[in-house]
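A.B. asks: Residue numbers (my numbering), protein chains in the order written: chain G, 1 to 683; chain W, 1 to 74.
It should be emphasised that the hints constitute simulated quantities derived from the structure, not laboratory data.
The structure presented is a predicted model; accordingly, all values stated were derived computationally and were not measured.
The reader is advised that the hints may include incorrect statements.
[As the list claims (entries may be wrong)] Chain W is faced by these chain G residues, among others (derived, beta-carbon under 8 Å): (1) 68; (2) 79; (3) 85; (4) 88; (5) 96; (6) 99; (7) 218; (8) 220; (9) 221; (10) 282; (11) 289; (12) 411; (13) 492; (14) 495.
[What the hints assert, rightly or not] Under 10 Å between C-beta atoms, here's a sample of chain W residues computed to sit facing chain G: (15) 11; (16) 27; (17) 42; (18) 46; (19) 54; (20) 57; (21) 59; (22) 64.
Positions of the beta carbon are idealized from the N, C-alpha and C atoms, including for glycine.
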Amino acid sequence: MLAANMRRPLAVLLWIAVAALGATAFAVLALVRGETISAAWILAAGVASYAIAYRFYSRFLALRVFGLDDRRATPAERLNNGRDFVPTNRWVLYGHHFAAIAGAGPLIGPMLAAQFGFLPGTLWLVAGVVLGGAVQDFTILVLSMRRDGKSLGQMAKEEVNPLAGMAAMIAILAIMVILLAVLALVVVNALKQSPWGLFIIACTIPIALLMGWWMKTLRPGHVLEASAIGIVLLLAALVAGRWVSLDPTWARWFTWSGVGLTWAMVGYGFLASVLPVWLLLSPRDYLSTFLKIGTVLTLAVAIVLTLPPIRLPAVTRFVDGTGPVFAGKVFPFAFITIACGAISGFHALVASGTSPKMITRESDARLLGYGGMLMESFVGLMAIIAAATLEPGVYFAMNVPAATLGPTAAAAAQTIAHWGFTLHPGQMEALAREMGEATLFSRTGGAPSLAVGMASILGGVVRGSGLALWYHFAIMFEALFILTTVDAGTRVGRFMLQELAGHVWKPFGRTSWYPGVALASAVIVAGWGYFLYQGVVDPLGGINSLWPLFGIANQLLAAVALCVGTTILIKMGRAAYAWVTLVPLVWLATVTLTAGWQKVFSADPRLGFLAHARAVAAGPAVAHADRLIFNDRLDAALALAFMAVVVVVIVASAREWWMVLTRRKPAAVHEAAYVESMYAVGD
Amino acid sequence: MRPSSGRPAGSARAALRAALAAVRQIVGAPDYERYLAHHAACHPGEGRPPLSPRQYYAEFVTRRFGAGGPSRCC
Chain G
1 MLAANMRRPL AVLLWIAVAA LGATAFAVLA LVRGETISAA WILAAGVASY AIAYRFYSRF
61 LALRVFGLDD RRATPAERLN NGRDFVPTNR WVLYGHHFAA IAGAGPLIGP MLAAQFGFLP
121 GTLWLVAGVV LGGAVQDFTI LVLSMRRDGK SLGQMAKEEV NPLAGMAAMI AILAIMVILL
181 AVLALVVVNA LKQSPWGLFI IACTIPIALL MGWWMKTLRP GHVLEASAIG IVLLLAALVA
241 GRWVSLDPTW ARWFTWSGVG LTWAMVGYGF LASVLPVWLL LSPRDYLSTF LKIGTVLTLA
301 VAIVLTLPPI RLPAVTRFVD GTGPVFAGKV FPFAFITIAC GAISGFHALV ASGTSPKMIT
361 RESDARLLGY GGMLMESFVG LMAIIAAATL EPGVYFAMNV PAATLGPTAA AAAQTIAHWG
421 FTLHPGQMEA LAREMGEATL FSRTGGAPSL AVGMASILGG VVRGSGLALW YHFAIMFEAL
481 FILTTVDAGT RVGRFMLQEL AGHVWKPFGR TSWYPGVALA SAVIVAGWGY FLYQGVVDPL
541 GGINSLWPLF GIANQLLAAV ALCVGTTILI KMGRAAYAWV TLVPLVWLAT VTLTAGWQKV
601 FSADPRLGFL AHARAVAAGP AVAHADRLIF NDRLDAALAL AFMAVVVVVI VASAREWWMV
661 LTRRKPAAVH EAAYVESMYA VGD
Chain W
1 MRPSSGRPAG SARAALRAAL AAVRQIVGAP DYERYLAHHA ACHPGEGRPP LSPRQYYAEF
61 VTRRFGAGGP SRCC
């Protein structure tokens, strides 16, 4: 090992340099006031932190905390069936895992949280992933891998107790409904009054049907071929969309109101849940996976090539809780809003799903679990950069609901000037023309402003390529993979509901019993459809109440996952290392319970659901006051229910820790038996 | 059975096949050739013929997407 010894001082120097670069970048980001800096500083701060965390902290987790052992055969090796259990090259599996965890959350959350400035979001994306999100994903992946790929719910039931398992399952179902509603709302807000955008998304349905038929009947199993055709047709639809938006007759056909789109999405979600999967669901999934990986890579390259300037201030005055995009102070609401890019409870479902069944060697879990989540955080940083490249005046003009902004362009400019930012006369109109949209005022939900940011970055690489084309490419990218989540989520929800209801009445649990299928699908669609409709007709734009509710739900699911992780670490006899999951758990529980409490009980009607209901009741008569009051109370009840579920899981887990640590209960875990790996021989 | 990718590619054609196999695994697409190889290696002499491409695809899609597919995240 002479060579290794000689390399060592060089490696030490290299890591000192990386640390110095990261520290300098953070110092620049934190201290800059007034002048414009380059996005390179955000990238440098993030990438240096990821590199150090991966090299040192994830290694500590792999070797000391989990004791990963390449001589121990993984489920993929022992149970290899050529189907779901398949030993897979770790870089290939990294791509697979990333495609499964990446979604709209890390793009939308940081975009909304940019109302606090770019600094709070950047800090939390980096610190949160290194100490929280990546640890959660890695822990759940390892624990599931040691249990032949068991799901989070099963692990909660077996390792904590059945009550915690049941609570986790109900929490997942309720969170799914809110998730689908808020994501669908983002799409509705992006597509309403946008004939170009709606035309492309409408085209994805016949494209998917063609692909489905191709893969099932014409050329069975030729997914790559069908996807290539699908992508070409999709790009053709993107280009053709411009003509649709310019032709008065066609444009009228594809100009829909928010309510019309809501009904279309509800109908579509129901069909996707009851139709055979080969027809609609699986082709859309492949199309969106290719688009997702392709766009994320392209955007990363474009940002590195252009290094756009940061126009947003580091910290805005809205950290005091008066923000117009959503209510609440920077603590706890920046953390709730960013959610997925720093730590996402949903990843615990993926990390205990297909990925653990495909790991070849135990040590590969470090790259997948920890490394995969670092990439997700990087996507969040790209969203921050896209937000920060917008003029602050434009950012607020796009993301603030019309009720706050004012009815006319002049009124909006005045409101924004009042906040200390500028909006030139005619600026928004010129931007809308450039992007090929009717208007860009109050296009809330984050997707349109992300698309403007992405268009200016991508358009900067390919000169003269037309910002409108890139804008609609970005809208297509976001809408397509959000809709894939809506398809799949509705179906997952339907199966969970059928399983739960099957305990009450047997036939309902049979997934092939048609009345049961239709009824369960209708219940799930009605659930998210209700919240979506209320969000669309909400005078304050819906995002203001639904996104925090979604963030709280997602972070509480992460708390459940960390409870399961901590419990198993203690039972494995690693109590000395239990802080790795306990510290993020305590932080998440504090943040989410505080945010939940404020959303329900704050006396500020902009923030608290109940205070808003009282203000509507006491205030001047408004249209549909009864409905607004009812929805406020419903949202409050839902937030309280989420909080109660999590408190139940935390208490059940803490009781288990105490029993094991005081030796009232044997420290038994339900790991699969140790089998020597064949791969390790000769290595 | 060694992992299906990562084997040394003898020619450009083999490299392309390996690359396509990797892309299939990344997006979660079916791989009929891999299924045939597995069938030959793991169920020899059982007298059970492998599924046809059409049967294999139908079974694959139901298994992968039947319950809503791989959980797609937020």
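A.B. asks: So which hints don't hold here, by number, going up?
C.D. replies: Numbers 1, 2, 3, 7, 12, 15, 18, in rising order.
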